[in-house]
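Each chain, written out:
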Amino acid sequence: MSALSPRKRYEQKERRRSLLIATASLLAVCAALYTLVPKAPGWVAVKRSFFNWAVLEKTFPTLLKAFLWDIAIFAWSLPLIMVLALAIALCRNVKTPALFPLRVFGAFYTDIFRGVPTILLVYLIGFGIPGLGLPRPWNSPYLWGTVALVLTYSAYVAEVLRSGIESVHKSQRAASESLGLTEADTMRFVVLPQAIRRQVPAMMNFIIALQKDVALLSFIGPVELLRQANVYKSLMANFTPYVGAAVIFLCVTIPATRYADYLLAKQHSVRT
Amino acid sequence: MKNRSQKLVLEDVTCRFDELTVCDGINLSVDAGEMVCLIGASGSGKSTLLRCINLLEPIDSGHIWLDGEDISIPGLDPKPYRKRIGIVFQSFNLFPHMTVMQNICLAPTRVLNATVTETHAVAKDLLQRFGLQDKASEYPDRLSGGQQQRVAIVRALAMQPEIMLLDEITSALDPELVGEVLEVVKALKEQNMTIVLATHEMAFAREVADRVCFLDGGKILETAPPEEIFTNPREARTREFLHRLL
Ligand SMILES: Nc1ncnc2c1ncn2[C@@H]1O[C@H](COP(=O)(O)OP(=O)(O)OP(=O)(O)O)[C@@H](O)[C@H]1O
Ligand SMILES: [Mg+2]
Numbered sequence: 000m001s002a003l004s005p006r007k008r009y010e011q012k013e014r015r016r017s018l019l020i021a022t023a024s025l026l027a028v029c030a031a032l033y034t035l036v037p038k039a040p041g042w043v044a045v046k047r048s049f050f051n052w053a054v055l056e057k058t059f060p061t062l063l064k065a066f067l068w069d070i071a072i073f074a075w076s077l078p079l080i081m082v083l084a085l086a087i088a089l090c091r092n093v094k095t096p097a098l099f100p101l102r103v104f105g106a107f108y109t110d111i112f113r114g115v116p117t118i119l120l121v122y123l124i125g126f127g128i129p130g131l132g133l134p135r136p137w138n139s140p141y142l143w144g145t146v147a148l149v150l151t152y153s154a155y156v157a158e159v160l161r162s163g164i165e166s167v168h169k170s171q172r173a174a175s176e177s178l179g180l181t182e183a184d185t186m187r188f189v190v191l192p193q194a195i196r197r198q199v200p201a202m203m204n205f206i207i208a209l210q211k212d213v214a215l216l217s218f219i220g221p222v223e224l225l226r227q228a229n230v231y232k233s234l235m236a237n238f239t240p241y242v243g244a245a246v247i248f249l250c251v252t253i254p255a256t257r258y259a260d261y262l263l264a265k266q267h268s269v270r271t
Numbered sequence: 000m001k002n003r004s005q006k007l008v009l010e011d012v013t014c015r016f017d018e019l020t021v022c023d024g025i026n027l028s029v030d031a032g033e034m035v036c037l038i039g040a041s042g043s044g045k046s047t048l049l050r051c052i053n054l055l056e057p058i059d060s061g062h063i064w065l066d067g068e069d070i071s072i073p074g075l076d077p078k079p080y081r082k083r084i085g086i087v088f089q090s091f092n093l094f095p096h097m098t099v100m101q102n103i104c105l106a107p108t109r110v111l112n113a114t115v116t117e118t119h120a121v122a123k124d125l126l127q128r129f130g131l132q133d134k135a136s137e138y139p140d141r142l143s144g145g146q147q148q149r150v151a152i153v154r155a156l157a158m159q160p161e162i163m164l165l166d167e168i169t170s171a172l173d174p175e176l177v178g179e180v181l182e183v184v185k186a187l188k189e190q191n192m193t194i195v196l197a198t199h200e201m202a203f204a205r206e207v208a209d210r211v212c213f214l215d216g217g218k219i220l221e222t223a224p225p226e227e228i229f230t231n232p233r234e235a236r237t238r239e240f241l242h243r244l245l
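Residue numbers (numbering that gives the first Met the number 0), protein chains in the order written: chain A, 0 to 271; chain B, 0 to 245.
The hints are simulated quantities; they were obtained by calculation from the structure and are not laboratory data. Note that CB positions come from ideal geometry on N, CA and C, so glycine has one too. Some hints could be false.
[As the list claims (entries may be wrong)] Restraint ranges, calculated between C-beta atoms of paired labels, are given here:
1) A:Pro192 with B:Arg128: 26 to 34 Å
2) B:Asn191 with A:Thr95: 36 to 44 Å
3) B:Asp140 with A:Ala39: 39 to 47 Å
4) B:Ala171 with A:Ala183: 26 to 34 Å
5) B:Ser60 with A:Asn204: 47 to 55 Å
6) A:Asn204 with B:Asp209: 29 to 37 Å
7) A:Pro5 with B:Asp140: 30 to 38 Å
Next comes chain B alone, as it looks inside the complex (with noise of 0.2 Å):
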């Protein structure tokens, strides 16, 4: 049996959506300060796991643990777990109505209840590190893509969650957007943030990964360090995989 009081356990995770099983009994084990990145093919179920981690897609069976707590038994109310597990995904992250500023605060003093000059001295700091100082009063349309996913991880660091889960968070951008939105995910690995990462960025995934799992048909086929999983997979799928994007 695994060791359930690591960061995050999953253990024997499923998720259905009527008929397809899109996440078919997932094994992960996170440790703190861990990075793990997810790959697969499109519809390998690399987005509906984070949504189950993140509790928003309920599961069919198995169990979640966080902290050695089981955070997915059914009828347990999920908001005390989700401020603690932060999600950044691929598009549509912002509120449209609301400034950056507005974005970040919402949650803090609505879910924290932090007050009003708390929450915006830690947005401040925030936006600062992460080079958006000059954007807080901005509404996301007047953004670039990259801008806005950094304000969303911003948004989502705001709540000061003990895991990130980022799901695809460069793919709707342009390549040229690209690099600045991973370059701050780097800096949250080095400031020991645990983070489970979806991504198409195989080169950044082997950079900076502790360790690569590989999803095919809703399962975990392979998990490695990057640099066994990317110059010698085990399974013929993963090399199949990684070949085709080569």
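If we strip away everything but chain A, and leave its shape as in the complex, we get (with noise of 0.2 Å):
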């Protein structure tokens, strides 16, 4: 293009060429593992438990579908999350004396969900609870699990809205009062979005790991994708459906990854 001014047509050529050195580079990468690693002993043994293309191709739609509940269950327990965290968030942001028990719980929920391991905490209720022996909708695996998700990420999210909250600065607080706003209309129109606008890149991080701890219940009993790979293995001997797991829950986190990279780099641009 002619309107190009002579320092972009030199941004656009350093570009070409550093794209071509990383082709080269990765393309040298490939064909070196390419040759070398069926070159290992173990080669043969490995290729057939593990990338055997004829077990792939026969479970690989039922562990599609099955990752359909690790979808569902996401979809449910993300809004649930939020809807929590938000609350706990603001319980310890309290500055009422009279309501400084909510502080407290505020504190305590967060210490106490965030210092379980996540893995425990779905054994727990899983197992726990529906052992109470309630009748039927209420010992569903689904929903325990569910609940025990909730609890630990909402408690992890509500630690970053928090940190949101603090970082807004006390003048805007002061400019929004000093127009006659009551508290909770300044948190819900002047903190409360400036806090979130901000925290969305780090939230982004909790909701791609959310969307693979959803595979942690697999040990209390839904059906999801982990559970059904485990299924299959046990069937055929054979651990491809495990590799067919992990690239199906690649296909999702990945793209997540680089949009919150994205939103991160892009925050960061603004601010500065």
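Join the two chains, each given in its own frame, into one complex according to the hints.
Set out below in structure tokens:
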């Protein structure tokens, strides 16, 4: 294009050059792996049990269907997590002495649920509560598994929100209160929108982690992706379904991670 | 005893931060339509005094009377009085996530329960008056510092306050932007707004103030019409302060 300035043209040339170098080195690494790895003594066995195309072809559609459960659990956990996290973050931010117990509750909540490994909580709640012998819909592992995830993740997200709330400059509150707005309105219209916007990238990381941690529920019953892969592994005495499951997870988590990075980069560029 | 029925009367107002007495027995009365300038060195308590008047800072003793009503009684809900007293700070005034229009309309709709159409009309009118009509849908970070401060003034005015407190509203601005903001203040005074202004702009104070108060160590050392205080200050400290500035 003739409209390009000399500087733009130079930058474009540089970009092409580095792209070329990157592609070449990537190809070289792939070629090396392709020729070297099969020379390893156990490769044939590994290939048979981990990268078995026939097994993958047979199991993949069912694995994908099982992944729908992961998506569903994720989809109904996420809004619950957000609402609960917001409530906890607001509790921890309470300044009125009369509501001090709320503050203590919020602190306890985040300490406890961030301190216990997620898998432990899934076990305790997932086995413990249905063990009470509750009637039909109340003993579902989907329900209690979800509760475990929501409890853990809302503790993390609450902390992210709280630090976002604290990062809003105190003169913003002063400006709002000087206009006669109530504390609740100040929080709702002035502080929270800024806090949430600031913390979107950090929250994205927890959202991605949640998507993966749904697989933890496989230990307490729901036939989601990991459990389905486990079933196939036992059935076929072959690990390829695990690889298939990993690929499915990656298809979701890689774009999500890239998107989170993009959001973070965009935010940094705005702030400077 | 003072005539407490004036627009704004401060009586022995004292404000402490821990050990530090920042406002120390301040007495000041402001008539309706009057413009009082607070001058004084950095740390002399100008900002704190303005924040006390707006009830953003609780006072430790003394009284603040607004139209003859004591608004400084401990435990009194400050919100009804805050909406009658507008304040503009040195910086960080605007809400960065809202457009100019949203900044202006938030308080009238939430606090005065005005309808959106009403508020929009008022806001449009004010923006027009201060030459900001084409900025209504901009976000604050797309405005110059001077425009931001003018929007902050408009936002306070949209609440139809009876008094405006202006705290060094030009000291964060580049010199060439100071003029446009001071013009707005002058226009406010001409419309008979009651104004208390903390400033380092002595020339401006001298030109438009009805009275100038010199603060030093949390006390009002001297109050006088600008001509008097700038040409023939009574107190040695005032003379010293003004001398250092010139
Ligand atoms: N929230 C606070 N906590 C403790 N001390 C404070 C607080 N706010 C102000 N001070 C102190 O009160 C004194 C007066 O501060 P103030 O901001 O009122 O001064 P000022 O006259 O407005 O100064 P400047 O011209 O620099 O704005 C200063 O010594 C300051 O350190
Ligand atoms: Mg100040």
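We went through each hint and held it up to the structure:
1. A:Pro192 with B:Arg128: 26 to 34 Å: 29 Å Cβ-Cβ, so the 26 to 34 Å window holds.
2. B:Asn191 with A:Thr95: 36 to 44 Å: holds, 40 Å
3. B:Asp140 with A:Ala39: 39 to 47 Å: violated, 57 Å
4. B:Ala171 with A:Ala183: 26 to 34 Å: The hinted range 26 to 34 Å holds for alanine 171 of chain B and alanine 183 of chain A, with Cβ atoms some 30 Å apart.
5. B:Ser60 with A:Asn204: 47 to 55 Å: holds, 51 Å
6. A:Asn204 with B:Asp209: 29 to 37 Å: Violated, at about 58 Å.
7. A:Pro5 with B:Asp140: 30 to 38 Å: For proline 5 of chain A and aspartate 140 of chain B the Cβ distance comes to about 31 Å; the hint holds.
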